[in-house]
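Please model the complete structure; the sequences and the hints are all you need to start from.
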Amino acid sequence: MSTRVRPLARGLGLACALALAVTACGGSDDGGSGGGSPDDVQAALEQGGKITVWAWEPTLESVVADFEEKYPNVQVDLVNAGTANDQYTALQNAISAGSGVPDVAQIEYYALGQFAIADSIADLSSMGASDLEGTFSPGPWNSVHAGGEGIYGLPMDSGPMALFYNKTVFDEYGVEVPTTWDEYVTAARELHEADPDVYIGADIGDAGFTTSMIWQAGGHPYTVDGTSVGIDFTDEGSTRFAETWQQLVSEGLLSDVAGWTDAWYQGLADGTIATLPTGAWMPANFESGVPGAAGDWRVAPLPQWEEGGHASAENGGSSLAIPEASGNKELAYAFIEYADAGEGVQTRLAEGAFPATTADLSSEEFLNTEFDYFGGQQANQIFAESAQNVVEGWSYLPYQVYANSIFNDTVGQAYVSDTTLAEGLADWQQKSRDYGQEQGFTLTD
Amino acid sequence: MATVSAPLRAARRRRSWTGWGFIGPFMAVFALVFLAPIGYSVYLSLFRDQLIGGNHYVGLANYRQALQDAQFWESLTRVSLFLLIQVPIMLFLALLVALALDSGRLYGRDFFRIAIFLPYAVPAVVATLMWGFMYGTRFGLVGNINDAFGISLPDPLSPDLVLAAIGNIVTWEFVGYNMLIFYSALRVIPHSMYEAAEIDGAGQLRVITAIKLPAIRGALVIATIFSIIGTFQLFNEPAILQNLAPNAITTDYTPNILTYSLSFSGQQHNYAATVAIIMGLLTMVVAYVVQLRGMRKDA
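Top line first, the protein sequences correspond to chains X and U.
Quick note: our numbering has the first sequence finishing at residue 445, numbered continuously throughout.
Quick note: our numbering has the second sequence finishing at residue 744, numbered continuously throughout.
Please keep in mind that the hints were generated in silico from the structure rather than gathered at the bench.
Incorrect hints may have been included.
[As the list claims (entries may be wrong)] Not everything, but these chain X residues come out facing chain U in the computed CB check (under 8 Å):
(1) Ile117
(2) Ala118
(3) Ile204
(4) Val257
(5) Ala258
(6) Thr261
(7) Ala263
(8) Gln266
(9) Tyr402
(10) Ile406
(11) Asn408
(12) Gln413
(13) Val416
(14) Ser417
(15) Gly440
(16) Phe441
This structure is a prediction, so every number in the text was calculated from the model and none was measured.
The beta-carbon is built from N, C-alpha and C at its ideal position, and this holds for glycine as well.
Dropping the structure here:
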């Protein structure tokens, strides 16, 4: 969920992919075999070699540099193959074609299920991942099991949500920082009235954000039990979100700038986008993408659905996984263990990444870290509290990547037409159900 | 007799092998890069690969599904509308420019020729990124105009206007290309015909309608067929703009984008192959009809 989208690269990728579509989509799965033992991993590390890592997480650059310094005979080729969905498309593409598959891929928690169910990524249990039980906080550790027994990735970061807000803007117009979503709507009106160029946030329909908001509101639209799937966006949590957010959409209180575009970064920098409710992995992106606004932004707990509540949700957060087609799984595992559970964690924390490791989440040093970007605020305390208050029982679809790809076709229409969010969600539900049915899942109500 | 027929047979055999020798390399490449992918797509389109349940033969079920698929028809209707409006505008502009260049009354003819052709040399992806930036109502050219004049132009990337915005990009890209086709056809008309027309007292307009247009009809038909194929395959421009306007450009915006989404977001390779084959057949039929009509007029 981070760093900038690269439209040019994506466009070229699309064009090439289409050219390949007809000829190169019939690759077959060889079935999951996993990798070697921890001893094999150690041997691979000593022997050295070259691995390719597909990731968009900015802090990995330093991790790779440190890793190569520590193991001089290992060469790590870090490639940004796109952000989130773009990268999954490229990865799926490479896996289907059976060539060009990386040895390590960054995969967000919501997307792991789709790769795991198709046996496209390796079960890391035997290589040493099963010994890491307790190393990671329960939310992310649950997620990397992807609803099964295997361990399909190591948690790299987590995304307990918080409200990032531009304090300078709030101070300038004398608006209170909202603590509930009702107050958020009120603040949106006040800011926009004070200056028509200022919007409380930028949103043109984002599947990850919407599902996280519903998650925090206590909704359970997805129920998954093996291959039996239920989708229902009429439960209380979903309805609550739709009704509140509809006010912002209908009154034109949200900036219609697409996330991760140049215009979006400019909006975050110049104060026309006043808040950003998102995951705790965001600070690194603020520092790299919005350097001009250093000192303007602060972090507050996520606004609540109930006054005085403490509910939170996860948004984004990624793991590093190893594709089944990787030629050097042992070396790849050595790298991801270094990056996610070894020395790499400290490197990444120093650059503003948010950990998934229990030890770091509760360490004094971590909690007392002062963020220069946020005017010296000890923002990790807010994030860590949010991590503890994540509402339990949420699950994503085993084909969430597809579902998210049609979000803008359905719910997105509420942002540009007379369709309401509730109608958009109903449409999304229907299309997601249809797809599940076609793919052989059993649909329950 | 035997002494006569033996060399004859040998000669006949040698002749046939020589032919294959010439055509062989082409046929091999043709079969590998052209026939094999088509055959493989047809093969794929007869199966269905599910996340749960695996791969199995389904006969023509994918075709039945595609022909009843509202998404498919919607995307087809959209490119058909594009075809009916954008292609005539583009070809008319190209023709106008070609005639102007050919008239010999234009100062800086070579400059205009290269300047108008230049957009075709810009890769479609780059062109679309550039136009996408200009279309921006916040930081783009449209936004600047709004700020400078205190007006509020409609957003070119809104769902109602985005097809016209794409049409504008495509026109900008391909007027020069079509102009060059027309212009080179105009250059080969013998000058004696113009002299004869002048002696007969024909004006410029008359020369155009009676000599130039009939003479380049073949080029017009070719350009039209290219444009039809290009339109049915519309992909780069909407796919790039989708980053900027995800709600306006849906995953079934054009048949090719639908195919792409089916294949790479939904992993429905088989169904995608089916849609691609249907679109290929449709394009062939439409292009063939246009060619037949064009040739009949020619006769």
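Taking the hints in turn, this is what the structure says about them:
1. Ile117: Status holds, d = 6 Å.
2. Ala118: holds, 6 Å
3. Ile204: Nearest chain U Cβ about 6 Å off; hint holds.
4. Val257: holds, 6 Å
5. Ala258: holds, 6 Å
6. Thr261: holds, 7 Å
7. Ala263: Holds. Min distance 5 Å.
8. Gln266: For X/Gln266, the interface hint holds, since the closest Cβ of chain U sits about 6 Å away, which is under 8 Å.
9. Tyr402: Constraint on X/Tyr402 satisfied, holds at 5 Å.
10. Ile406: Nearest chain U Cβ about 6 Å off; hint holds.
11. Asn408: holds, 4 Å
12. Gln413: With a minimum Cβ separation of about 6 Å from chain U (threshold 8 Å), the hint on X/Gln413 holds.
13. Val416: holds, 5 Å
14. Ser417: With Cβ-Cβ at 7 Å, under 8 Å, it holds.
15. Gly440: holds, 3 Å
16. Phe441: Because about 6 Å separates X/Phe441 from the closest Cβ in chain U, which is inside the 8 Å limit, the hint holds.
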